[in-house]
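Could you build the full structure based on these sequences and the hints that come with them?
For the record, the sequence lines run as chains A and B.
For the first sequence, the numbering used here assigns the number 1 to the initial residue and increments by one for each residue that follows.
For the second sequence, the numbering used here assigns the number 296 to the initial residue and increments by one for each residue that follows.
Hints were generated in silico from the structure; no laboratory data involved.
Among the hints, erroneous ones may be present.
Derived EDC-like pairs: lysine to aspartate or glutamate, alpha-carbon spacing no greater than 20 Å straight-line [as the list claims (entries may be wrong)]:
#1 Lys449/B with Asp407/B
#2 Lys200/A with Glu247/A
#3 Lys449/B with Glu280/A
#4 Lys226/A with Asp186/A
#5 Lys226/A with Asp180/A
#6 Lys449/B with Asp221/A
#7 Lys449/B with Glu247/A
#8 Lys200/A with Asp213/A
#9 Lys449/B with Glu436/B
Covered stretches of chain A (in silico footprint by chain B; criterion: 3 or more residues with CB under 8 Å from a CB of chain B, positions within the stretch not fixed) [stated by the list, open to error]:
#10 197 to 209
#11 248 to 259
Because the structure is a prediction, the values reported are computed rather than measured.
Yeah, the Cβ is synthetic: ideal placement off N, Cα and C, and Gly gets one too.
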Amino acid sequence: MSASAPRDLDRALEAFLDAGPNQLSNRLALSIADEVHRTRQRASRGPWRIPSMSRFALTVAAVAVAAVVAGMALIVMRPSSNTGVTHSQPATQSAAPSASPAVPSVPLGILNDGGTYGTTAATFSQPFTVTLPRIPADLASSIRGDLLGGNTHNLRIRPAVGAITIHDDAVLPADLCHPDNGFITDVPATPQAVGTWLAKGLTVSSAVQMTVDGRVALRWDVFVPKTGCTQVETPAGSPAIWFNPGEHHRVYAIPTGTDTILVITWGAGYQGEGEQQLPEINTWTDSFVQALRFP
Amino acid sequence: MLRALVDRAMQGDEEAFASLVRSVGDRCMAIAYRILRDIDLAEDAVQTSFVTAWRQLRTLRDADRFEAWLHRLLVNACYAEARRRRPPTLNVVDLEPASTWADEYLAIHDRDQLERGFQRLPAEQRAVLVFHHYLGMTMPEVAEHLAIPLGTVKSRMHYATIALRAAIEADDRTTSHAKERPA
Chain A
1 MSASAPRDLD
11 RALEAFLDAG
21 PNQLSNRLAL
31 SIADEVHRTR
41 QRASRGPWRI
51 PSMSRFALTV
61 AAVAVAAVVA
71 GMALIVMRPS
81 SNTGVTHSQP
91 ATQSAAPSAS
101 PAVPSVPLGI
111 LNDGGTYGTT
121 AATFSQPFTV
131 TLPRIPADLA
141 SSIRGDLLGG
151 NTHNLRIRPA
161 VGAITIHDDA
171 VLPADLCHPD
181 NGFITDVPAT
191 PQAVGTWLAK
201 GLTVSSAVQM
211 TVDGRVALRW
221 DVFVPKTGCT
231 QVETPAGSPA
241 IWFNPGEHHR
251 VYAIPTGTDT
261 ILVITWGAGY
271 QGEGEQQLPE
281 INTWTDSFVQ
291 ALRFP
Chain B
296 MLRALVDRAM
306 QGDEEAFASL
316 VRSVGDRCMA
326 IAYRILRDID
336 LAEDAVQTSF
346 VTAWRQLRTL
356 RDADRFEAWL
366 HRLLVNACYA
376 EARRRRPPTL
386 NVVDLEPAST
396 WADEYLAIHD
406 RDQLERGFQR
416 LPAEQRAVLV
426 FHHYLGMTMP
436 EVAEHLAIPL
446 GTVKSRMHYA
456 TIALRAAIEA
466 DDRTTSHAKE
476 RPA
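Spelled out as structure tokens, the structure:
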């Protein structure tokens with residue numbers, strides 16, 4: 001068989017697919033607008049939305065946060081060179097503020113798996129380093145990081161699919177199933193207390209014990225019941241975690257020595273509607289958590 | 296620009312959403328038509344995906360990935376249209392050894408032949424071909440936009456290509472047999 005045959009088929013296929021309509025008709029655009037007008041948006045909220053504020057206040061807050069955090073971003077997630085941890089691959093640095101003021105997240109650029117990164121005391125009360133474990137090819141061709149919501153204690157790491165988030169000293173709903181029932185101002189103090197907090201409204205698996213940098217951490221697989229959980233349109237706070245009914249997550253509680261931090265996996269809402277790859281994300285996050293070090 | 300529209304639409308701004316429809320609607324229409332090969336089905340899929348996007352916009356956690364998310368909804372709508380409207384077709388192709396493929400592929404120029412072969416493919420395989428060959432996405436990008444594992448993309452691409460070749464070959468054989476028969 002000639003080596004050129006597949007390329008000929010590829011070229012023929014490209015030419016074939018190139019032909020055909022490329023425009024949305026005005027009639028269809030109007031029809032969509034009409035149906036949208038008659039359709040109510042679901043009231044659920046993602047975890048990174050900030051509460052309702054006036055546009056002016058939002059912009060002022062975003063600019064202020066971006067200015068502070070952008071400077072901080074240069075040091076917050078840098079390849080660690082002074083922690084004694086092997087630094088195998090340098091990171092691409094980026095401290096540009098988010099393009100939109102609506103979510104004042106600060107991108108930290110591309111993170112390389114195999115690279116070692118560290119936070120500073122300016123962002124997490126107990127700094128940590130982590131060597132990113134090798135990520136499966138079907139989860140990501142790249143990994144990005146960003147600081148979220150103007151709260152420097154919320155760090156998000158995003159493969160191509162899903163995300164993992166890390167939280168410290170964050171304002172959280174007192175009951176994740178009823179987020180209108182008030183807030184707590186910090187992550188519960190111990191892994192056991194985190195388990196009690198989760199079980200207030202969620203379906204929680206048995207705790208699995210893990211060793212992280214010589215400390216005993218716990219993890220749970222949680223499910224947010226599809227019915228009975230409240231969704232709040234405008235929460236009176238800025239919670240860093242906002243689960244939606246029907247979602248699954250894995251939650252890790254890791255004692256840092258003086259505090260406890262949370263690591264959470266996310267599938268739904270990041271890509272499509274499903275959580276198909278949550279098991280793989282969970283597996284990768286197990287390795288991620290076990291790679292955490294608290295110098 | 297797109298991000299700002301998404302943020303406004305997330306807050307219930309219908310005009311912003313209408314602008315989003317105008318911004319990305321052409322591309323959606325092109326994708327849907329190429330997967331479904333039917334203008335009416337494509338329009339239904341596009342409308343369904345935009346209305347679903349509007350309804351579920353607040354569940355989108357990463358506004359920067361709006362378009363990838365929308366593509367996922369669109370492809371799901373295309374699958375549903377393909378299942379709902381099309382009578383089941385016999386997806387039977389001859390998977391024969393490829394000894395004579397090369398010369399025949401060099402001669403592929405008949406659009407009708409490609410059309411028939413393409414329409415015999417399952418919608419899931421057509422979607423992968425469209426995202427890769429029409430939109431020019433790499434396989435990891437296709438995986439991201441369709442929210443399927445990279446291995447699945449490669450597998451669908453592989454089987455789609457084999458099936459397309461075999462279908463074209465079978466089509467050729469049918470044509471040549473028909474020509475040989477006396478009227």
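Structure-based check of all given hints:
For the hint pairing Lys449/B with Asp407/B, the CA-to-CA distance comes to about 26 Å; that exceeds 20 Å, so the pair is violated. At most 20 Å may separate the alpha-carbon atoms for a hinted pair to count; Lys200/A and Glu247/A meet this at roughly 16 Å. A hinted pair counts as satisfied when its Cα atoms are at most 20 Å apart, and Lys449/B with Glu280/A qualifies at roughly 18 Å. For the hint pairing Lys226/A with Asp186/A, the CA-to-CA distance comes to about 26 Å; that exceeds 20 Å, so the pair is violated.
Between Lys226/A and Asp180/A, the direct Cα distance comes to roughly 17 Å. Compliance with the 20 Å bound is thereby established for this hinted pair. Under the criterion of a C-alpha separation no larger than 20 Å, the hint pairing Lys449/B with Asp221/A is inconsistent with the structure, at around 31 Å. Straight-line distance between C-alpha atoms of Lys449/B and Glu247/A comes to about 29 Å, which puts the hinted pair past the 20 Å bound. At roughly 29 Å between alpha-carbon atoms, Lys200/A and Asp213/A are farther apart than 20 Å, so this suggested pair is violated.
Straight-line distance between C-alpha atoms of Lys449/B and Glu436/B comes to about 12 Å, which keeps the hinted pair within the 20 Å bound. Here the segment 197 to 209 of chain A counts 0 residues with a CB under 8 Å from a CB of chain B, which misses the bar of 3, and the coverage is violated. Coverage of the segment 248 to 259 of chain A by chain B is violated [criterion: at least 3 residues with CB-CB distance below 8 Å; count 0].
Taken one by one, the earlier hints fail for this structure at numbers 1, 4, 6, 7, 8, 10 and 11, listed in ascending order.
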